[in-house]
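Given chain A, work out where chains B, C, D, E and F should sit, using these hints.
Protein chains: 6
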Amino acid sequence: MTNLIEYEDASEEVRTVYDDIRATRQTDYINNFWKALANHPPTLKRTWETLKEVMASPGEIDPLMRELIYIAVSVTNGCEYCIASHTAAARTKGMNEQMFGELMAITGAANMTNRLANGYQIPVDEQFKQ
Amino acid sequence: MTNLIEYEDASEEVRTVYDDIRATRQTDYINNFWKALANHPPTLKRTWETLKEVMASPGEIDPLMRELIYIAVSVTNGCEYCIASHTAAARTKGMNEQMFGELMAITGAANMTNRLANGYQIPVDEQFKQ
Amino acid sequence: MTNLIEYEDASEEVRTVYDDIRATRQTDYINNFWKALANHPPTLKRTWETLKEVMASPGEIDPLMRELIYIAVSVTNGCEYCIASHTAAARTKGMNEQMFGELMAITGAANMTNRLANGYQIPVDEQFKQ
Amino acid sequence: MTNLIEYEDASEEVRTVYDDIRATRQTDYINNFWKALANHPPTLKRTWETLKEVMASPGEIDPLMRELIYIAVSVTNGCEYCIASHTAAARTKGMNEQMFGELMAITGAANMTNRLANGYQIPVDEQFKQ
Amino acid sequence: MTNLIEYEDASEEVRTVYDDIRATRQTDYINNFWKALANHPPTLKRTWETLKEVMASPGEIDPLMRELIYIAVSVTNGCEYCIASHTAAARTKGMNEQMFGELMAITGAANMTNRLANGYQIPVDEQFKQ
Amino acid sequence: MTNLIEYEDASEEVRTVYDDIRATRQTDYINNFWKALANHPPTLKRTWETLKEVMASPGEIDPLMRELIYIAVSVTNGCEYCIASHTAAARTKGMNEQMFGELMAITGAANMTNRLANGYQIPVDEQFKQ
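Chains as they are written, first to last, in the UniProt record's numbering: chain A, 1 to 130; chain B, 1 to 130; chain C, 1 to 130; chain D, 1 to 130; chain E, 1 to 130; chain F, 1 to 130.
Hints may be right or wrong, so weigh each one.
Partial list, derived from the structure: chain C residues whose beta carbon lies under 7 Å from chain A [claimed, not checked]:
hint, residue
1, L64
2, G78
3, M104
4, T107
5, N111
6, M112
7, R115
8, G119
9, P123
10, V124
11, Q127
Computed far set for chain D versus chain A, every beta-carbon distance over 12 Å [said to hold, decoys possible]:
hint, residue
12, Y18
13, T27
14, H40
Simulated from the structure, these hints should not be mistaken for laboratory data.
Cβ coordinates follow ideal geometry from the N, Cα and C atoms, glycine included.
One chain only, chain A, in its complex shape (with noise of 0.2 Å):
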């Protein structure tokens, strides 16, 4: 079972980024992902430095939509930790059950359209080469 290292028995490095998580999301709580990679602090530095940037940084694609692709991505690959985790923080932006039953639906479909294509061995159209 992997040690979840809290703040009190926490390095000065691994505070750093618990502060900036708090400070960011704006809540003291702190997940048990974050506590697990502070077993090794580069690899927590670095993945929160990505999530932040990827997910919540200024860009064209609304908060909201993000982690309805992030939950996309995880179902595919059967994650159940990120389900569970970026499901809570979907609802938490503002995803209801209608939105989540849409996200499934296209989910669900594009896994079998996925093998369809595989199956068939489908040649590229040339339009979609452009």
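Relative to chain A, chains B, C, D, E and F alone:
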């Protein structure tokens, strides 16, 4: 190599689906995916009806965002045909280079964190189980 | 590019496997898969013995159905070589277009429902645990 | 945690699907998969109709073999719910321990050879392209 | 639930494999993986011989590095049992927390860049084809 | 087709990354992966910094073994570009044919046993949970 069935050579059952694809998309072009599925008409019909409902019926996620979710899944699965065809579809619906860049960044990051969560065997936080 | 090792250039160890492939399949043709694995003779030998036992030994699942199962896995994983070679093998053993269509339909549907089960985080029914 | 919708609490639309599941399977039991999908009635209806057509309509692959193919996909994807539910379904349709053993052997071997083909970057033989 | 076959209840064929596992690993403990595979003795025997050859025979990659490679694959596939058992095995062979952190960092990064390469549909450089 | 951005056409931001790639690798050659990511400069910069830290910073796993782990992941995911580019990189760092053979054998075997563990629904041994 899969036989691609052209309209001229198609059965009545297949033509009905091709006609609906053309009417729904307002284009004469039928891409290879459907011409390949036409080798098994029930799969052609069911898959078209599924995609039409899932990708094009009214809902809370807009059509462009549906394409982005579809691409995220196809990229995760490495389906070359689906990546090419839906990237083209998304561009038609307004996806620009910046948006595609953000989409790839989220898809890549989710694939990374999915494995970090797997590898560290992180228990799901109680508050994500509600 | 992987070096494909021809019979003429093969070591005694590799030739013994090639001979067994030819005898078992009753054809002189050695396909590229084996010519590539021959770069590491222990892997060639072990993989051939595994496939021979798993795909061709007497059992309760008939040889054609074994090929269908193999294709379903290869399509799910998106392995182009394996899809092409085992679709050819299955046709030799009697797979017709209708059967292939059904196989793709099942494979596609399972890939879809796998993700719906993941995404909705569905608890396993007590009666399925027995 | 996904809300599982019981018959008593279901809308007319959902009840119609539940009734058809019961009639088709000749059992009163509705498993959790459907009770979860009932949160999004269009997905419940479409998924049930897909599975009914794909797994239970007349065809060239018999019902037990369809279950085996379904299991091979679910095992490849690591979908715990689907493995548990369809292994139970396959046993009901006649799968014995020996048959399950053969199925696992094929599924495992295909997953291995898929990666050997990927890693050695093996070109598809000309004769498999026809 | 899979029946786990204990030594006392095992056939002669299964006991021979269990004896070899014990002798090779120099421990009396047989873990659940083998007790489950014992339900299909040919799969038990073939899988043990494969793992023994692949993970423990003399070669150019040392035993600890083989475990790290095994874990990287299992984490990518999300196989809970395999992650738990081979992480334990790797620790026995000398993996420390720092090494595990580096392993997870590489595994996560590769999963990310694999998708960036897929999504951007990047053509393989000529010099990598040689 | 993704636009590959050459040094001559690159922005200052992109050129800074290209310069660092050249300096770190001590070669003028920029491979297509980076030229494609350059379409979204923040992803180019973040991905390069991640790979540089993960693959090239001092640590307990040596650079060649890091490449082997990276290849194992890419082979499992079936990423053609990544397999080709990192197999080339590993050869530069000393990987010979024998080592590559062992790597493929481990990667293939792990993909097989991952599915056997999934399919038999094997409970994790208590001693692996510590």
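Indices of hints not satisfied (ascending): Structure breaks hints 1, 9, 10, 11, 14.
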